[in-house]
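Starting from the known structure of chain U, arrange chains C and G on it as the hints suggest.
As you go down the protein sequences, you meet chains U, C and G in turn. Just remember that our numbering sits 33 ahead of the position in the first sequence, which is counted from 1. Just remember that our numbering sits 4 ahead of the position in the second sequence, which is counted from 1. Just remember that our numbering sits 582 ahead of the position in the third sequence, which is counted from 1.
If you're looking for bench data, these hints aren't it; they were derived computationally from the structure. Note that the Cβ used here is the ideal one computed from N, Cα and C, for glycine as well. Be aware that a few hints might be false.
Claimed, not checked - With a straight-line Cα cutoff of 20 Å, these simulated DMTMM-like cross-link-like pairs (lysine to aspartate or glutamate) come out:
id, chain 1, residue 1, chain 2, residue 2
1, U, Lys96, C, Asp183
2, C, Lys126, G, Asp672
3, C, Lys154, U, Asp68
4, C, Lys57, G, Glu585
5, G, Lys614, U, Asp147
6, C, Lys154, U, Asp58
7, G, Lys617, U, Glu67
8, U, Lys96, C, Asp198
9, U, Lys152, G, Glu619
10, G, Lys617, C, Asp125
11, U, Lys101, C, Asp238
12, U, Lys200, U, Asp129
13, G, Lys674, C, Asp125
14, C, Lys126, G, Glu609
15, C, Lys126, G, Asp615
16, G, Lys677, G, Asp615
17, U, Lys152, C, Glu157
18, C, Lys154, U, Glu60
19, C, Lys154, U, Asp129
20, U, Lys96, C, Glu157
21, C, Lys126, G, Asp676
22, G, Lys617, C, Asp127
23, U, Lys152, C, Asp238
24, C, Lys126, G, Asp664
25, G, Lys614, C, Asp127
26, C, Lys186, U, Asp167
27, G, Lys614, U, Glu151
28, C, Lys186, U, Glu170
29, G, Lys617, U, Glu151
30, G, Lys614, C, Asp198
31, C, Lys126, U, Asp147
32, U, Lys152, G, Asp615
As the list claims (entries may be wrong) - Reference listing, derived: stretches of chain G covered by chain C, where coverage requires no fewer than 3 residues with Cβ under 8 Å from a Cβ of chain C:
id, region
33, 622-628
34, 646-653
35, 668-680
What the hints assert, rightly or not - Some chain C residues near chain G, calculated using beta-carbon distances under 8 Å:
id, residue
36, Met36
37, Asp40
38, Pro42
39, Glu44
40, Gln48
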Amino acid sequence: MPVKRRLLLLLAPALLAAGCASFPDRETIRAGGEDAIAHAYPGMPPALVARSSQDASQKLCSKAPEDKLTAEEARQIVESARASIKYPPSGKLVGDWKIGAQLVANGAGQRVRDGRVEKTRENGALCANCHALDAKEVNAGNLGPSLMGYGAKRGTSDAVVKHTYEKIYNAWLYFPCSNMPRLGASGFLTPEQITHLVAYLVDPQSPVNRN
Amino acid sequence: MRARSVALALMLIASPLGAQGDVDGLSIGRQMLAEDNPGELWVQRGERLFYEKRGPRGVSLERCDLGLGPGKLEGAFAQLPRYFSDTNSVQDLESRLLTCMVGLQGFKREEIVANRFGTLDKDSDMEALVSFIASKSNGMKMNVPLAHPKEREVYKIGEYLFYRRSGPLDFSCATCHSDEAKRIRLQDLPNMTDPKQVQTVVSTGWPAYRGTQASVRTMQHRLYDCNWQMRLPDLGYASDMSIALTSYLNHRGNGGVIQLPGVRR
Amino acid sequence: MSEPMRIRATVQGDVADVRILMRHPMETGQRKDAKGEIVPVHFIQNVVVTHNGRTVVDAQWSQAVSRDPFLGLRVKGAKAGDKIAVTWTDNKGDKRTDEATIVAAS
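Looking at chain U on its own, in the form it has when it is part of the complex (with noise of 0.2 Å):
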């Protein structure tokens, strides 16, 4: 065997003894990873740090990219996606897309301050942040798809419009681990909230389909 490769072999244990190429395995790392968040909010009050908690699914979906999730692990997030959806009590899906249009622009909401969550009359649904909606809106984001002609090229169908309520209320139904947050399902936008964006994106007559 070449020079250089026995002369690794015969140093490995010494190399490995004085840690030259070596981290902690992978439930150290865990730990300290979750003893570092319990420490990461001194004086929040207990509610604002159960923030920082994680459900099953957050778990999941906190893997490094080199790290897949698995088919299982997908159905089991689909599953309790599936779970958490909730429809308006009326049973109407498409709200008013007038309403639709201010949320969409309102990025705020739930942030907190000094251990205080901000004051805000209702929780913005921060589309905009992300997704281009009105063509002739130039202050959007792209980190989701854009969203232009939304209605357009989709059509109004009641299966159109079912998905698209479930895709907001939680994302991770059609798309497990999406970068999109599951606005409906943790409480941040209500049901009701939620039918004016759907509508906001499929009536013809929205800035979406119109512009």
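Showing chains C and G alone in chain U's frame:
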């Protein structure tokens, strides 16, 4: 040279390129600001604060060891965070300054923490000190060690935290910072999984004069502000979580040539 | 006591490039503080720049100028070793003068 930059900036802003063109115009504007960075005013105040005899014990910070020996500032920023045997822990620049201001000068930790972020009504000493000390590494490359077992552990914890989803919006750092050419509204997001961009952010990004804050802000503030956006509570100043994330990012920024303070929106 | 200005003055040929950073809140009188009360106007009203004692700039500013203002100018007939002095006066009557020596551009 300046007249030409202005003309170029106006051209880009006026062009019908849509969002992308406006973003390029913004970075040119930032470049122009960087030539006369208000952050320099924090550097000069930080220099005074470092050498002034202060606190209940009436001593300066000249005996503060930032990793290269007491009072040795050139290159100190470049090798932080790192392990310190006297505290048996990995510390970033701000937690180390806390150690010195409390241990050497006799300040109360709570007082410094209360003043960690300057407001429009009151400057922060910490922001000035960080600006000054960071500037003493200008021209050098980021060179954060991963030699001590604790440095390795903290680095890996930082990586774990980077990908950890939590909060009412299911955000992790990776949600916004792991893909190419993404932006929130019109605010560009650095891709912190791209080594080149990490280098840029870590070596020229923080501390930086932030126009919207009218103050120099540091890495601790950046992480605090991210937590705010993520709907998490106020991130503890110099907490283990903040040091772990800083350690993970700064080490991955190794090789980046330091030019600080930066200037940002 | 106010924060010293940062003045850089470099000369190439006989033209000096002078760059001044000032630390000042430049309050417009429209901002509300954390308690919801208006923060009163507080801004630099006058800036005088002299070259070897001779006034080269006498500027009247309003609250429209941003916080921590920057002033850049060029002075003809300058050489290394000349003195640049900058004085600002604000609406509260506070005043500050800082000086710098012109150096040759590198």
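Results of checking the hints against the structure:
no.: 1; hint: U/Lys96 <-> C/Asp183; result: 15 Å, holds
no.: 2; hint: C/Lys126 <-> G/Asp672; result: 19 Å, holds
no.: 3; hint: C/Lys154 <-> U/Asp68; result: 15 Å, holds
no.: 4; hint: C/Lys57 <-> G/Glu585; result: 18 Å, holds
no.: 5; hint: G/Lys614 <-> U/Asp147; result: 19 Å, holds
no.: 6; hint: C/Lys154 <-> U/Asp58; result: 13 Å, holds
no.: 7; hint: G/Lys617 <-> U/Glu67; result: 37 Å, violated
no.: 8; hint: U/Lys96 <-> C/Asp198; result: 18 Å, holds
no.: 9; hint: U/Lys152 <-> G/Glu619; result: 18 Å, holds
no.: 10; hint: G/Lys617 <-> C/Asp125; result: 12 Å, holds
no.: 11; hint: U/Lys101 <-> C/Asp238; result: 32 Å, violated
no.: 12; hint: U/Lys200 <-> U/Asp129; result: 18 Å, holds
no.: 13; hint: G/Lys674 <-> C/Asp125; result: 16 Å, holds
no.: 14; hint: C/Lys126 <-> G/Glu609; result: 14 Å, holds
no.: 15; hint: C/Lys126 <-> G/Asp615; result: 12 Å, holds
no.: 16; hint: G/Lys677 <-> G/Asp615; result: 25 Å, violated
no.: 17; hint: U/Lys152 <-> C/Glu157; result: 39 Å, violated
no.: 18; hint: C/Lys154 <-> U/Glu60; result: 15 Å, holds
no.: 19; hint: C/Lys154 <-> U/Asp129; result: 56 Å, violated
no.: 20; hint: U/Lys96 <-> C/Glu157; result: 18 Å, holds
no.: 21; hint: C/Lys126 <-> G/Asp676; result: 18 Å, holds
no.: 22; hint: G/Lys617 <-> C/Asp127; result: 19 Å, holds
no.: 23; hint: U/Lys152 <-> C/Asp238; result: 16 Å, holds
no.: 24; hint: C/Lys126 <-> G/Asp664; result: 36 Å, violated
no.: 25; hint: G/Lys614 <-> C/Asp127; result: 18 Å, holds
no.: 26; hint: C/Lys186 <-> U/Asp167; result: 19 Å, holds
no.: 27; hint: G/Lys614 <-> U/Glu151; result: 17 Å, holds
no.: 28; hint: C/Lys186 <-> U/Glu170; result: 17 Å, holds
no.: 29; hint: G/Lys617 <-> U/Glu151; result: 15 Å, holds
no.: 30; hint: G/Lys614 <-> C/Asp198; result: 41 Å, violated
no.: 31; hint: C/Lys126 <-> U/Asp147; result: 17 Å, holds
no.: 32; hint: U/Lys152 <-> G/Asp615; result: 17 Å, holds
no.: 33; hint: 622-628; result: violated (count 0)
no.: 34; hint: 646-653; result: holds (count 3)
no.: 35; hint: 668-680; result: violated (count 0)
no.: 36; hint: Met36; result: 10 Å, violated
no.: 37; hint: Asp40; result: 5 Å, holds
no.: 38; hint: Pro42; result: 4 Å, holds
no.: 39; hint: Glu44; result: 5 Å, holds
no.: 40; hint: Gln48; result: 6 Å, holds
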